[in-house]
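> Sequence:
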Amino acid sequence: MEEERSRAGGAAVAVDGESLRRPEEEGGRRKKGGWITFPFMAVSLLAFGLSSAGAMGNLVVYLVKEYHVPSVDAAQISTIVSGCISVAPVAGAIVADAFFGCFPVVAVAMVFSVLALVVFTLTASVRGLRPAACVPGATACEAATAGQMAVLYAGVFLLCVSSAGARFNQATMGADQFDAAADRDVFFNWYFIFFYGSALSDLVLTTLAAGADEGAYRLFVAVASCCSPGIAYPAGVGAVGLKRLPVEQCDL
1 MEEERSRAGG AAVAVDGESL RRPEEEGGRR KKGGWITFPF MAVSLLAFGL
51 SSAGAMGNLV VYLVKEYHVP SVDAAQISTI VSGCISVAPV AGAIVADAFF
101 GCFPVVAVAM VFSVLALVVF TLTASVRGLR PAACVPGATA CEAATAGQMA
151 VLYAGVFLLC VSSAGARFNQ ATMGADQFDA AADRDVFFNW YFIFFYGSAL
201 SDLVLTTLAA GADEGAYRLF VAVASCCSPG IAYPAGVGAV GLKRLPVEQC
251 DL
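For the sequence shown, UniProt numbering gives the first residue as 1, with consecutive numbering after it.
Careful: at least some of the hints might be erroneous.
Quick list of simulated restraints, FRET-style, between CB atoms [what the hints assert, rightly or not]: (1) 136 / 196: 35 to 45 Å; (2) 111 / 82: 38 to 48 Å; (3) 153 / 197: 26 to 36 Å; (4) 190 / 138: 51 to 61 Å; (5) 182 / 64: 23 to 33 Å; (6) 154 / 182: 28 to 38 Å; (7) 128 / 39: 39 to 49 Å; (8) 139 / 111: 22 to 32 Å; (9) 87 / 127: 32 to 42 Å.
Hint data in this document are derived by calculation from the structure and do not stem from the laboratory.
Computed from a predicted model, the values in this text were never measured in an experiment.
We put the CB at the ideal spot given by N, CA and C, even for glycine.
With the hints as constraints, model all of the structure from the sequences given.
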């Protein structure tokens, strides 16, 4: 990054006019959270990856074994859901930037995350929300009713909304806790380290659940629900809530 030296004070300034130094280094007073907020962001990112993996990591197997959906249809459903979760953050970023700001959108997304994992846990633990188990030797299994599929799709929808509001808006909200451009650069590096590091939980959870029986799968989904960022995030909200946060817009 190019720098210019101010003749008046000798301060390091980026080409866009932003200071590269921290306020305390220039004799000023910190106005935003700084690095004290990063641990909360990191925990939230890891929890988000873990909870998403817990719900979606074995969706195909779950549909085939528990809902008796044909394997081809289950693969198509999983692909569509994965695509929606990947594209939804674009809509969430537009809503945050144009209307409400990052902080309210992320907070609401965490609530949807909790609701989504609660729904998934119920589908895995409540027998009435799934079709009856296949009878050994039977030629066909009982198909899921429209109501049972509606509950499952409701959980998927809530998870998509959660991903839309939280996945990338967290990056902007976290970077806004820093006054110095250099600190924001470092934050974004760490953000992507934790973001893609959380993807490893997907591989781990998929491996653990691959051979799980019905009872183990219920416990597996419940543990993922407990890791939902909506449960871990209030501590982070309390920390950054003590600092000045822009609510009118979602830009840096």
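> Kindly indicate which numbered hints from before are broken by the structure, ordering the numbers from low to high.
2, 5, 6, 8
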